[in-house]
Amino acid sequence: MKSVYTWSAILAIVFASVVGDVLLARAMKQVGDVGALRRRVGVIAVIGRTLGNPNFLFGVTAMAVAFFSLLFALSWGDVSLVAPAAASLTFIGNAVAAKFFLHERVDRRRWIAASLVAAGVALLAG
Amino acid sequence: MFAAAGDSMLSHGMKQTGSISVDHLQGVILAILNPWVAIGILLLLGFFATYMTALSWADLTYVLPATSLGYVLLALVAKFVLHEQVSPMRWLGIALITGGVGFIAGGPELTKQGHASDAGETAAAMTTAAKAPLRAKDARNGAPSGVEP
Numbered sequence: 001m002k003s004v005y006t007w008s009a010i011l012a013i014v015f016a017s018v019v020g021d022v023l024l025a026r027a028m029k030q031v032g033d034v035g036a037l038r039r040r041v042g043v044i045a046v047i048g049r050t051l052g053n054p055n056f057l058f059g060v061t062a063m064a065v066a067f068f069s070l071l072f073a074l075s076w077g078d079v080s081l082v083a084p085a086a087a088s089l090t091f092i093g094n095a096v097a098a099k100f101f102l103h104e105r106v107d108r109r110r111w112i113a114a115s116l117v118a119a120g121v122a123l124l125a126g
Numbered sequence: 001m002f003a004a005a006g007d008s009m010l011s012h013g014m015k016q017t018g019s020i021s022v023d024h025l026q027g028v029i030l031a032i033l034n035p036w037v038a039i040g041i042l043l044l045l046g047f048f049a050t051y052m053t054a055l056s057w058a059d060l061t062y063v064l065p066a067t068s069l070g071y072v073l074l075a076l077v078a079k080f081v082l083h084e085q086v087s088p089m090r091w092l093g094i095a096l097i098t099g100g101v102g103f104i105a106g107g108p109e110l111t112k113q114g115h116a117s118d119a120g121e122t123a124a125a126m127t128t129a130a131k132a133p134l135r136a137k138d139a140r141n142g143a144p145s146g147v148e149p
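So the sequence lines, in the order shown, correspond to chains A and B. One point on numbering: in this note's numbering, the residue at position 34 of the first sequence is 34, and numbering is uninterrupted. One point on numbering: in this note's numbering, the residue at position 8 of the second sequence is 8, and numbering is uninterrupted.
Extracted from the complex, chain A is given alone in its bound form:
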């Protein structure tokens, strides 16, 4: 029963952080090249534009949800399970989400990279 709780919390972490990452990436694509923008309108304006972007705000909210899900997961399960499982599943989930929601061209090279990194993170965090 406890493992059901743990795994649903892990899935909640993965879901929330994937949503957060996708929203943040979309927000920054809308804001545009930060370097060029800074030279044109200044740092304050860049920060203002970023903070005022609705996608950014929702993304940060999703990240906060992911963080609290992590706290829940840690209260139910071991760190040695929760940390690697959540981290590596997030990489895979992000690759899928970036393909479908950001329309990024996720080619074979990127799939392999995402899987390698996910496996590596699982080993490291474990």
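A few of these clues could be false.
[Claimed, not checked] Simulated coverage check for chain B against chain A, where a stretch passes if three residues somewhere in it have a Cβ under 8 Å from a Cβ of chain A: (1) 53 to 62; (2) 65 to 71; (3) 85 to 99.
[Unchecked claim] Some chain B residues near chain A, calculated using beta-carbon distances under 10 Å: (4) A49; (5) L74; (6) A75; (7) G102; (8) F103; (9) I104; (10) A105.
[Said to hold, decoys possible] Here are the in silico distance ranges between beta carbons for each label pair: (11) G48(A) <-> I41(B): 17 to 25 Å; (12) A36(A) <-> V81(B): 21 to 29 Å; (13) D78(A) <-> A95(B): 20 to 28 Å; (14) W7(A) <-> F48(B): 39 to 47 Å; (15) I44(A) <-> I39(B): 23 to 31 Å; (16) G42(A) <-> L44(B): 23 to 31 Å; (17) L42(B) <-> Q30(A): 22 to 30 Å; (18) H103(A) <-> I41(B): 33 to 41 Å; (19) A64(A) <-> Q85(B): 31 to 39 Å; (20) L44(B) <-> G48(A): 19 to 27 Å; (21) F58(A) <-> T98(B): 32 to 40 Å; (22) L57(A) <-> H83(B): 28 to 36 Å; (23) A36(A) <-> G102(B): 23 to 31 Å; (24) G42(A) <-> F80(B): 45 to 53 Å.
Simulated from the structure, these hints should not be mistaken for lab results. Glycine is no exception: its CB is placed at the ideal position from the N, C-alpha and C atoms.
The hints should help you fit chain B onto chain A, whose structure is shown.
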């Protein structure tokens, strides 16, 4: 130039995540009572700002694996600064991450895509750039393809 700036930004952010996690090793409760937590929050903000900057230049599927080098950095810090034992499994993990990041950073087409300044350009660069290496790979594998760019 942009690539160099982006790389330095990323490594900057990665170092910051590294040190934050090192703080966490001392115990979360200790860290909360500790003045280090202020520094940690500042570093986290710095990491977040550089992460967002990187996201404005490159794809999520490019930035995310690249930031995972932070894990590698963390393990190396643990090994050489804290003199912790790093097990063979962890070395394997480090190798896998490094390999994955090398894989994604390998092609010049990806940096070009990172340079595109707005969403439209990025999308356009993405489709043209992503096709090229696939074609090249097919050609290398001996597949009959007459569409060398």
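Hints and how they fare:
no., hint, result
1, 53 to 62, "holds (count 8)"
2, 65 to 71, "holds (count 3)"
3, 85 to 99, "holds (count 10)"
4, A49, "holds (8 Å)"
5, L74, "holds (8 Å)"
6, A75, "holds (6 Å)"
7, G102, "holds (8 Å)"
8, F103, "holds (4 Å)"
9, I104, "holds (4 Å)"
10, A105, "holds (9 Å)"
11, G48(A) <-> I41(B): 17 to 25 Å, "holds (21 Å)"
12, A36(A) <-> V81(B): 21 to 29 Å, "violated (37 Å)"
13, D78(A) <-> A95(B): 20 to 28 Å, "holds (25 Å)"
14, W7(A) <-> F48(B): 39 to 47 Å, "violated (28 Å)"
15, I44(A) <-> I39(B): 23 to 31 Å, "holds (24 Å)"
16, G42(A) <-> L44(B): 23 to 31 Å, "holds (24 Å)"
17, L42(B) <-> Q30(A): 22 to 30 Å, "holds (27 Å)"
18, H103(A) <-> I41(B): 33 to 41 Å, "holds (35 Å)"
19, A64(A) <-> Q85(B): 31 to 39 Å, "holds (35 Å)"
20, L44(B) <-> G48(A): 19 to 27 Å, "holds (21 Å)"
21, F58(A) <-> T98(B): 32 to 40 Å, "holds (33 Å)"
22, L57(A) <-> H83(B): 28 to 36 Å, "violated (43 Å)"
23, A36(A) <-> G102(B): 23 to 31 Å, "holds (28 Å)"
24, G42(A) <-> F80(B): 45 to 53 Å, "violated (40 Å)"
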